[in-house]
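Sequences are here, hints too, so could you generate the full structure?
Chains as they are written, first to last, in my numbering: chain A, 1 to 285; chain B, 1 to 280; chain C, 1 to 287.
Read the hints as simulated data drawn from the structure, not as lab findings.
Among these hints, one or two may not hold up.
[As the list claims (entries may be wrong)] With a cut-off of at most 30 Å between alpha-carbon atoms, the simulated DSS-like pairs for lysine-lysine come out as follows:
id, chain 1, residue 1, chain 2, residue 2
1, C, LYS247, B, LYS227
2, A, LYS193, A, LYS128
3, A, LYS79, B, LYS85
4, A, LYS79, A, LYS128
5, C, LYS178, C, LYS201
6, A, LYS38, A, LYS79
7, A, LYS128, A, LYS83
8, B, LYS227, A, LYS134
9, B, LYS192, A, LYS128
10, A, LYS38, A, LYS83
11, A, LYS126, B, LYS192
12, B, LYS192, A, LYS83
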Amino acid sequence: MEKTPETMHTNRSVAVEAHDVSVTYDRLREKDTLIALKDFTIEIEQGEFLAIVGPSGCGKSTFLNVVAGLTFPSSGSIKVMGKPVTGPETDRAVVFQDYALMPWRTTEQNVRFGLELQRRTDSDTKEKVRHYIKLVGLEGFERAYPRELSGGMRQRVGLARALVTEPRLLLMDEPFAAVDAMTREVMQEELAKIVSETGQAIIFITHSVDEAITLADRIAVVTNRPGRIREILEVDIPRPRSRASRSMPEFQELRDRIWDMLSDDPTKAVAPRVEAIPVVEEPPR
Amino acid sequence: MSATASTPTDIGTPEHIGPRRKTGSLGKRIRSRLTGPISLLVFLGVWQAAVTLTDPDPYILPSPGAVWDAFILAVENGEVWAAMKGSAGPLAIGMLFSLIAVPLGLIIGLSPTLDLITSPYLWGFFALPNVAFAPLLILITGFSTTTSIWMVFLSASVPLCLSCKDGVQAVDTTLVKAGRSFGGGRVAVFVKVIAPCSLPFIASGIRNAISRGFVGLLSVELLIGTKGTIGGEVIQSGRVYDTARMFAFILLLIAIALLLVSGSRWLETWASRWREEVVI
Amino acid sequence: MTTTLQPGTDGRRPLVPGAFRRQRMPHRRGRRRVFTRRQRIVVSVLNLTAFFVIWQLIATYGNVPTLFLPSVTDVWQALVDLNNEGILWDNLWVSLSIYLIGLAISMVIAIPLGLMIGGIPVLDKALSTYIWALYTLPRIVLMPLLLVWVGINDAARIWIIVLSAVPATLVVIMEGVKTVDNSLLVAGRSFGASRYQLFSKIVMPATVPFIAIGVRMGVTRGLLGLFIGEIFTGVNGIGYILTLAQKTFDSATIYAMLLVFLFFCIAMVSATTWLERKVMEGRRQLD
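Printed below as a string of structure tokens:
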């Protein structure tokens, strides 16, 4: 990771700074404007694991897209590693909910994919790819095509593809949502183990409260339409957290608090029709 | 041939619900290999039986033996060889020209504006059976090889262009997003994501283009009937009431058509081998 | 809302043509254009107008021989002339009636035969190779044979339509019958259904969509057959007009007939598509 002296100097411990980030969309068919995200303000420290919990459609994925540089905010500012976001960079990597693996590539080639696009392939690439395939526990499946892998294994490939680019910020968009419940538990444990080794900051989107509490250092609870942060909670349950942690009173208390926030959301059932707001056509530069 | 786009996802067309792929034991595989030859033998048998039993005028229905003799004669004359060369030339040149439809189709697929502008013309061309262009082309270019080349080009390029366009438009958005999330620019995303993803569509387009181009070629050859092309030989034999020779050349045409189709199917299967549902 | 941002929430997204177009995320450089219905209509009208205007300009001032490219007004004049001389509608009607007769014969043959071949394994084994071969075959090679056997007349055209439409419809229905879920048949048998009942209560209804698709295939393939027939036997119908125009080097008439052909094709195909949708809707209401 090339660090310019400037970024080293300012906010060395802050990975993401989002200040009053709003995102709106013009909807052509409905002829209105939709506020996907409203006044998101949050700071994420280096090495921190932040989970964002909320009902589906609350804009949590939009926030992830903003951080990834795939969507641009209509207003507000977003900085990653002290630099304003102008597009995807090599310092972050995304793990997608529906894997987004290239079906014509084998596991090994899929893991290389990110490095190829970042033009960072060299003589060590092969070794690195091997290492991360091993890390996510896919040894022996290097030559398998995605269709030959189970959902859990596909997501391991997705994780390896993100990790191999050695990002300082890992963005995970409901990564285990399409995986069956049993595999999910295993994956959560392994993810916790892997990130304790690699140590990057993580934004983890989920709609599972338990998953968030099991994995995160802090949890941002987002409520529906327009999506705003209701509250940010610290999780002080000691690590490593296992299934046994779920019966701890702290865990249950936290879960109840989050559920209360989510269920007394006054705007939950309201249709997303809102007043027109001008849409930013060009990304800020 | 049909007015519906024939793409790998279009399960509505029978190209994609063909006879099931036979896998399994060796015996089964041998049996499935033999269906073709056995069917051919049965066909010849029925034909011979019909000739023996009804004894028709050889002008109406010659016996398989007579057709075979006519074929051998034509081979020995060198007429078969000359006709095959005469037909292969325009087909190959026309197909080569029509390859320009691949980049065009990809570009149209990438740009919704271009798609909106070009689609009425492309679909108009596609909906019209390409035989319909033959009279016009013959009028404009006369009875020459140029007519055949134009006809092959017109018949093959439009479906190819449409398939390539469909291929780009069918690319999974999440894959594009994944490519962009790793910092891929437009070119990189095109090369690494969109192009490989549309490959099966391009291959299916080429298969379609080959069969359409062949039909286009035939329609011109059969309409003009110049000597030295396969279609022309069919017509020439018909004119001198040599039905046996006509049958020989028609069967040659059928054999070539089936070979072209199965060859291009193989290409398509190869290009889409990573897909879950193997297109047959 | 977020559905437009992350389209695939149900695992793997099906490869639907046009999906790429529907994405609505801002691009790094500019946004991807998406058009509303009204924009589409406006653009299409402008587009076609521009097309005809440019055609007219090239034909008038472009120094192109009229044989290659007659002007739009000439083509229109040719159509008007054909109409005034009473050639157009009579011959169009001849072609249409031949087409409809051929299509009717084809469907009467193909639908029951397809159901039978699909449902009876022995027939399927014996015949499917031939049907597939006939389907794959360029039908145009059959035309010289038909001219020898049937002669240059209406019957030859009906034959080529039938030979084009039947295999197309047949293969769809045949393979459609085979897709009937086996568990449905087992369920039927568990209620003691006879072979005939299995066929009429389960196989037939389950194959209805395939019959609809098969008919559509037959309609388009039949059109191809009609055109082949028209062009090879120019005694009456649209083919007559074409042959006449070709002999007199009247390219405007040929262009006019191409436009008529195009409308004919579009009319036939959209009529079938409409019918197909009606069948499907009726079916959905039954469910």
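Taking the hints in turn, this is what the structure says about them:
no.	hint	in the structure
1	C:LYS247 / B:LYS227	holds (22 Å)
2	A:LYS193 / A:LYS128	holds (19 Å)
3	A:LYS79 / B:LYS85	violated (67 Å)
4	A:LYS79 / A:LYS128	holds (29 Å)
5	C:LYS178 / C:LYS201	holds (15 Å)
6	A:LYS38 / A:LYS79	holds (17 Å)
7	A:LYS128 / A:LYS83	holds (28 Å)
8	B:LYS227 / A:LYS134	violated (67 Å)
9	B:LYS192 / A:LYS128	holds (20 Å)
10	A:LYS38 / A:LYS83	holds (22 Å)
11	A:LYS126 / B:LYS192	holds (18 Å)
12	B:LYS192 / A:LYS83	holds (28 Å)
Consistency note: the structure conflicts with the earlier hints numbered 3 and 8.
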